[in-house]
Structure formats: C-alpha cells, structure tokens
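S.K.: Chains as they are written, first to last, in my numbering: chain Y, 4 to 157; chain X, 525 to 603.
Hints in this document: simulated from the structure, not taken from any laboratory. Treat the hints with care, since some could be wrong.
A few chain Y residues that don't get close to chain X, going by computed Cβ distances all over 12 Å [claimed, not checked]:
no.	residue
1	S33
2	R52
3	R53
4	D112
5	H118
6	S134
Sample of chain X residues facing chain Y (criterion: CB under 8 Å; computed from the structure) [said to hold, decoys possible]:
no.	residue
7	A552
8	P555
9	L557
10	I558
11	L570
12	T572
13	I573
Treat the numbers as computed from the prediction; the structure is a model and nothing was measured. Here a beta-carbon is modelled for each residue, glycine too, at the ideal position from N, C-alpha and C.
As a plain string of letters, each chain reads:
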Amino acid sequence: MVGNVAEAEDLTQEAFLQLHRKISTFRGDSAFSTWLHRLTINVVLMQLRRKGLHLVSLDEAMDPGPDESPGRSFGAPDPLLSGSIDRLALERAVASLPAGYRLIFILHDIEGFEHNEIASMLDCSIGNSKSQLHKARLKLRDALRTDSQKETRP
Amino acid sequence: MNRDTQEMSCEEFQSLLPDLIGSGEDLANHPHLINCDLCRTLLSDLETIAEAARQLLPPEEPPDRIWKQIESAIRNEGT
Chain Y
4 MVGNVAEAED
14 LTQEAFLQLH
24 RKISTFRGDS
34 AFSTWLHRLT
44 INVVLMQLRR
54 KGLHLVSLDE
64 AMDPGPDESP
74 GRSFGAPDPL
84 LSGSIDRLAL
94 ERAVASLPAG
104 YRLIFILHDI
114 EGFEHNEIAS
124 MLDCSIGNSK
134 SQLHKARLKL
144 RDALRTDSQK
154 ETRP
Chain X
525 MNRDTQEMSC
535 EEFQSLLPDL
545 IGSGEDLANH
555 PHLINCDLCR
565 TLLSDLETIA
575 EAARQLLPPE
585 EPPDRIWKQI
595 ESAIRNEGT
C-alpha cells in the first residue's frame, strides 16, 4: 500500500501500538477484524498525509478529485489488453494510482475484501466502494495500454 | 432484458458498469454487449486486470524482528 518495505514495517509497528492504546475503546459494534483494518488504514492514511499527499480524511481518500478521474471509453475502438498482463507493468500501474483508488483496488482486487467489508472499514457506502474500484480499474487500463503502446513502438 | 436495455448507449451502459460488475452476475449475455465491441472489449480488459491483480502482492508476514520490536515498544509504553 505504501510501496516500501521499511515504511510498511514501521506502519505495522505503529498499527499494533495504536491497537494496544485503543483496544479498550472496541465496543463490538463491528467484527474485530473490521475494526482492526479500519484502525490500520487510518495509520496508513496519516502516514500518506505526513508525506505530503493531499489526504485529509478517509472521505478525501475516497474522492481523488476530478483531475484524476479516468477517461471513459466512447467512440474510437480500443485495442484489447493482452490476455496476460505483465506483472511488473501492473505493479507499476498500481503504484501510480492516486492513493484513494489504490487503497480500494488493493483491498478488493488484491486482498480480496468484499464491498460491504470495505464500506464498513472506510465508513463509506457500498456504492461508493464499487464506483471507486471501477475508476481505479479504468485508470489502470489507461496506464497499461499506454505502457504496452510504448513497448510496441519501434 | 427489455427493449430499453437493448438500446442503451455506451455511456449509459458504462455508467451502470460499477453496479453490474459489483453484482457478480454474468454479463456475457447482456443485450448491450451482444452488439457492442467497444464495451465488450472494455469489460474484458477490466476482468483481465482484476484477474491479474489476484496474482499480485501475496500477503507477507512481518519478520520476527518486527514482532520483537512491537513487544518492546508496547512494554516501554506501559512503564
């Protein structure tokens, strides 16, 4: 999620420290795993904000803004991505996603959480989770197609 | 699917895609896709990306030294 092992290790430690400090506030309103994921995601978002990314809250993370929205696919025919996507190209494309899109994409497509679980973790609607995931995939598609066009050019 | 669904524009279809994909239903026989190469290609690409993502970044356990550091940090907070 942060694209750096040392930073991920620091955040793991911070998340467990937060868990130790806040465990007494867990009231059992949600599953413990959901509560812990939410706490961990907040630790990650605070770190991203410290690094200067424009993330003020989970709401803002969920809405990267109009300039970063992916284009839709109308009019001109699009070349199909090949059946197998190069792993490194996909990793690069994921790393280049705006933080909010990357968060949803990792939680759903890589880590396998369902939209209702993500909605609960991020305190957003299920529709919002679906919509952000869709935009993330569209943006990845744009990035991967640009990448493969560069490779096929002489 | 009714007549309205068959005559859906690409823009209309694509605006419904997040919900259609999220519903988990098989879209292969959706009336719009039967006649639209553009949206069929788009859907195929999005499915390819989701499929490729499953092979990405397998969950990693933090190394043992991290657990030791966490244990030590928690102990220090308690004192």
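S.K.: Determine for every hint whether it applies to the structure shown.
M.R.: Verification of the supplied hints:
At roughly 21 Å, the least C-beta separation between Y/S33 and chain X is larger than 12 Å, which holds for a residue marked as non-interface. With a closest Cβ-Cβ approach of about 22 Å to chain X, Y/R52 is found to remain outside the 12 Å limit, as its non-interface label requires. The Cβ of Y/R53 lies farther than 12 Å from every Cβ of chain X, with a closest approach of about 19 Å, so its non-interface assignment holds. For Y/D112, the condition that its CB be more than 12 Å from all CB atoms of chain X is violated, with the nearest at approximately 4 Å.
Annotated as non-interface, Y/H118 brings its C-beta within 12 Å of a C-beta of chain X; the closest such distance is 6 Å. Not every CB of chain X is more than 12 Å from the CB of Y/S134 (nearest about 5 Å), against its label as outside the interface. A least Cβ separation of about 16 Å between X/A552 and chain Y goes past the 8 Å threshold, and the interface hint is therefore violated. Here the hint on X/P555 is broken, as its CB sits about 18 Å from the closest CB of chain Y, past 8 Å.
For X/L557, the interface hint is violated, since its Cβ never comes within 8 Å of a Cβ in chain Y; the closest pair sits about 13 Å apart. A least Cβ separation of about 17 Å between X/I558 and chain Y goes past the 8 Å threshold, and the interface hint is therefore violated. A cut of 8 Å between beta carbons decides the hint on X/L570: the least distance to chain Y is about 5 Å, and the hint holds. Proximity of X/T572 to chain Y holds as hinted, the smallest CB-CB distance being about 5 Å (cut-off 8 Å).
Using the Cβ-Cβ criterion of 8 Å, the hint placing X/I573 at the interface with chain Y is satisfied: the shortest such distance is roughly 5 Å.
Checked against the numbered hints listed earlier, the structure breaks hints 4, 5, 6, 7, 8, 9 and 10; every other hint is satisfied.
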